[in-house]
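These protein sequences, in sequence, are chains E and B.
Heads up, the first sequence is in the UniProt record's numbering, so the first residue is 1 and it goes up one at a time.
Heads up, the second sequence is in the UniProt record's numbering, so the first residue is 1 and it goes up one at a time.
Keep in mind the hints are simulated off the structure, nothing from the lab.
Each residue gets a CB set at the ideal place from its N, CA and C atoms; glycine is no exception.
Be aware that one or more of the hints could be misleading.
[To be verified] Examples of chain E residues lying across from chain B (beta carbon under 10 Å, computed):
(1) F48
(2) V57
(3) G58
(4) V78
(5) G118
(6) S197
(7) A198
(8) E238
(9) A276
(10) A321
(11) E578
(12) D581
(13) F584
(14) T602
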Amino acid sequence: MAPPAQSQRSPSPSQPSGKSEVSDLKLQLRQLAGSRAPGVDDSKRELFKKVISYMTVGIDVSSLFGEMVMCSATSDIVLKKMCYLYVGNYAKVNPDLALLTINFLQRDCNDEDPMIRGLALRSLCSLRVANFVEYLVGPLGSGLKDSNSYVRMVAVIGVLKLYHISASTCVDADFPSILKHLMLNDSDTQVVANCLSALQEIWSAEASTSEEASREREALISKPVIYYLLNRIREFSEWAQCLVLELVTKYVPSDSSEIFDIMNLLEDRLQHANGAVVLATIKVFLHLTLSMTDVHQQVYERIKAPLLTLVSSGSPEQSYAVLSHLHLLVMRAPYIFSSDYKHFYCQYNEPSYVKRLKLEMLTAVANESNTYEIVTELCEYAANVDIPIARESIRAVGKIALQQYDVNAIVDRLLQFLEMEKDYVTAEALVLVKDLLRKYPQWSHDCIAVVGNISSKNVQEPKAKAALIWMLGEYSQDMQDAPYILESLVENWDEEHSAEVRLHLLTAVMKCFFKRPPETQNALGTALAAGIADFHQDVHDRALFYYRILQYNVSVAERVVNPPKQAVSVFADTQSSEIKDRIFDEFNSLSVVYQKPSYMFTDKEHRGPFEFSDELGNLSIGGEAADNVVSAQRVEENDKDLLLTTSEKEETRGSSNNGSAYTAPYDGSSTSVFALQTHIESAISNPTAADHSPQASLAIDDLLGLGLPAAPAPPSPQLKLNTTAALDPSTFQHKWRQLPVALSQEYSVSPQGVAALTAPQALLRHMQSHSIHCIASGGQSPNFKFFFFAQKAEEASNYLVECIISTSSAKAQIKIKADDQSTSQAFSTLFQSALSKFGIP
Amino acid sequence: MISQFFVLSQRGDNIVFRDYRGDVAKGTAEIFFRKVKFWKEDGQEEAPPVFNVDGVNYFHVKVVGLLFVATTRVNVSPSLILELLQRVARVIKDYLGVLNEDSLRKNFVLVYELLDEVIDFGYVQTTSTEVLKSYIFNEPIVVDAARLQPLGPAAIFMQGTKRMPGTAVTKSVLANEPGGRKREEIFVDIIEKISVTFSSSGYILTSEIDGTIQMKSYLTGNPEIRLALNEDLSIGRGGGSVYDYRSSSGAGAVILDDCNFHESVRLDSFDMDRTLALIPPDGEFPVMNYRMTQEFKPPFRINCLIEEAGHLKAEVSLKVRAEFPSDIVANTIVVQMPLPNYTTRVSFELEPGAVGQRTDFKEANKKLEWGLKKIVGGSEHTLRAKLTFSQESHANITKEAGPVSMTFTIPMYNVSRLQVKYLQIAKKSSSYNPFRWVRYVTQANSYVARI
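Isolated chain E, as found in the complex:
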């Protein structure tokens, strides 16, 4: 135990400054040390209390160590406890003096009172001094065999403490196997629970170096152990139940009847008043039924009521923790919760972090039948005194509008926001109207009429201003004053601090110019001049580019800057589905509250006992750029590109140019922007190119006469892989992050393969012989995870594979990403044939 915070804060009058008081105490303790006078224990108690209270507030009382130890020779248990507490706090900084305490602690470990034995053993193990470990082994050994369960309970945790001080001493003394024996045989459930905690920690730490430990860790989730624990689950304390339930989620049942047995056994845990037990049970249910779609859905229905009850009972903190989990489930399966929307209404006195979750849930569950009511409710919040929440409510209305087909009523509401004459409401609403118009151009008439009435002087927020300017440019033919408003904005160029706004202004003036040249010519000239002189690089570049392209050919310029637009149909999700899945895998943990997978906020050594290694974690998702990863099947690239604001677009181009099948090679020169534009058009007409067989997509391209800039070569009938391919991990990570998933499949693994897959290494060697190389692997039976790569023999074109093999279900889940997507099917076939030969001699 490290000493408590020894802060340097200035002493307040109520708190003693330290020095003189401590030396005073020292003196008094000395006087009492040898005394046997009656009542001396009471005076000692008072003194000890003072020492402990100084310790608590952060005054360093370690200088009293000797005196405290001298006074500790007592039979008064209250005194003993205070002394133990003190010694535990300061032994680490006073190892020499701490040696003095060993003696009396060892003696107490043999006391006839089990209470004293336990206390002494706990304190002995809490000293955290490496030199003392030899003194621990003996008492721990007898503590584990003690007839009293309290002592055994303490001893088990003592073993874990010893392990953290000196792992080798702990392992050499064979303590882990004693714990294992206790876990399976002790009559006291808390002893069992402590064994489980200790063994999980010890074996997880050892597993990286010892195969045996890794096997032992596996054995914890074997059927006999799981069943043994499950059958006694009601005897465990609620906290230990959580521990057992967490372990059960790792267990893979052999068939569905086993799954139902476990679920029936745990059914009543859902009625527990302790939210942690309920969430742990829910996690078991969700994980057990992942592959059984119908039952999985029933589980959602079943857990709804208990979750809602937990949210509304208990302290606000507890209900927040549960609400975060409910939020996760609602986001995964909004349709199941669509009739419960009233539970997600905000209460006026809830903290913002709760309201925010609820707003997102309301947005998610909105459908045809409840939209009207939800939007009405959200509009109430828009007038809220809590401005951040009011803003988010307006955004929520906008999001609902964008996900609905019938937006009639919502558009009216949004337009009403514009008339509310509150700056922040106007600002938010403008941004929304802009997005709305991009999806529903048919509403432009109604919206433009209202937007036209807004004075640009009342709009200060950059995002809102940019939105207004975008609309002025886009609909300049319908807005009488557009050129003049833009002109006045251009005149105030120097006062515009946001580069985003200036970029939009340039583009808007260009667009306006194409539609109403005589009225805009002046403004355009001024804008281009100001833009070229702008200190901001992007603004400067764009102005220069516009200038040159206009010089080159005005009609080309119009095709580049103001091409006919396709309405946006789907919004890019801010979080990749991979991240969401991973958070779901980590249900009932902080990941859910933070909405981030654990590798983003924990160090490697502090992850749970059964997680994949660090490097795999990073590989499969890939840091901050994750936002831009869009799975190809779900969201069309063209939408994404159109929806990003200009500045974001620049970033994406920069980062995704190497390899995405949708993006033309972008060399940074202005001419290729044109190529990009045509390319986007081609992607619009054929957004799912990647999913089609390569031949088919080529045929369509030919038909349209577009000719992709980097037309994929027809796949050679036999794909040849480079036997000596090389790829360094960082490039792999980078590519994995950039590329969309080309193929996602599930294969069966042959029984021989399952049998051969005892450790990841076996498969690695096998795949290598097929020119498929492993870059990272992890996991233990029954779940393994691999990242492979391969290269085409004749060119530097890579295939990246994520492969998760479950030996219990004999299934392999494959995700393939490829530089050249047209050949990913061929590669998949090759991969599958290599995998199927695994284990067959």
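Since the structure of chain E is already known, use the hints to place chain B on it.
Just chain B now, kept in the frame of chain E:
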């Protein structure tokens, strides 16, 4: 698994600090307190109960103005840690009788004793007040409950809304009556927090009851107890939306949407005769939590009018009507209403002969506040206020003000009609007849009328 546990006062002083694993650097208490205090620069937003600073996760719950905090580096279940913190607070309260800063400071050695047994090396060992008794040797230094201070200016730590009504019981589980005998008694509190939202035309938009049956037992020898609830009680609103009011009105049955039970409760005969059997552990604990969206009669009707009354002036009229029997009295009622933010002055006019009422205009957040000491069932109270504005209002004035919210406590009244029909204690002898207290209370959770 947690690394540290500590309790901070409102000013951020360590009252108790226990480091269990030594894997988190010192100074966490300071880091934590600064973070909580200055979560957002504008001070508008509260820190969430869980956050991460430099790889250390901080969990906290607020109990009677104190911060109970745990830290860890591991990705643990947030629910588990927050439950644990709440439970630790409850165990401490069980032992100290009164939980506040003063009692904690006076009894910190006892608290350390508890903490050592509740958690070992970061793992929970037991939170049972009962089990802990055999490990605890310090005796509590009793703090006078009457000195329970109002929590002072540090209002950010007030839990205001969801706080349980203080159980009147402020006796330590270790306490003995003079003469060394324990008084045999058991308390059962039915506490209902209600949330109602009225539309501007007075319709009920949403309503919910969140109830708890709280028990605190001082019975020696742990006799078995049977708690009988309404016989016509039913659980789960089969199929359909839980908000389908029509299906439930009319019939007199009490229909719970859902409920959960304490570990000790046995439900063997619950399906048959709606009785809960349990051997109550020592200390305070919830026997059952329940949730209800069945229609109920809201205890108060709120009527609010706001009208322009000439140049830069407006008038507000607030009316509150108590719709419960006249032998019931609600207390500590506060009605609040946000006013347009260009309001500069408010003058109030109470009804003639009003007693125990106060009015206030909170300049800082432009809020009207009306406090009433008590309201007798069936009565009606009105407040008029004249507002002065600093600028002309452009839009509809009702869009700039409200909604009206209300807090109150109604003792011996519950809206759900859930009842404890009887409380049976297994008899040890014919003369054994412990005191039984069954009390009901209804509190506002979120009681709002839109205007």
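Structure-based check of all given hints:
1. F48: Since chain B brings a Cβ to about 8 Å from E:F48, closer than 10 Å, the hint holds.
2. V57: With Cβ-Cβ at 6 Å, under 10 Å, it holds.
3. G58: With a minimum Cβ separation of about 6 Å from chain B (threshold 10 Å), the hint on E:G58 holds.
4. V78: 5 Å, holds
5. G118: 9 Å, holds
6. S197: Where the cut-off is 10 Å and the nearest Cβ of chain B is about 5 Å from E:S197, the hint holds.
7. A198: 9 Å, holds
8. E238: The hint holds - E:E238 has a Cβ within 10 Å of chain B, the shortest such distance being about 6 Å.
9. A276: 4 Å, holds
10. A321: 4 Å, holds
11. E578: 18 Å, violated
12. D581: 16 Å, violated
13. F584: Since chain B brings no Cβ nearer than about 14 Å to E:F584, farther than 10 Å, the hint is violated.
14. T602: 5 Å, holds
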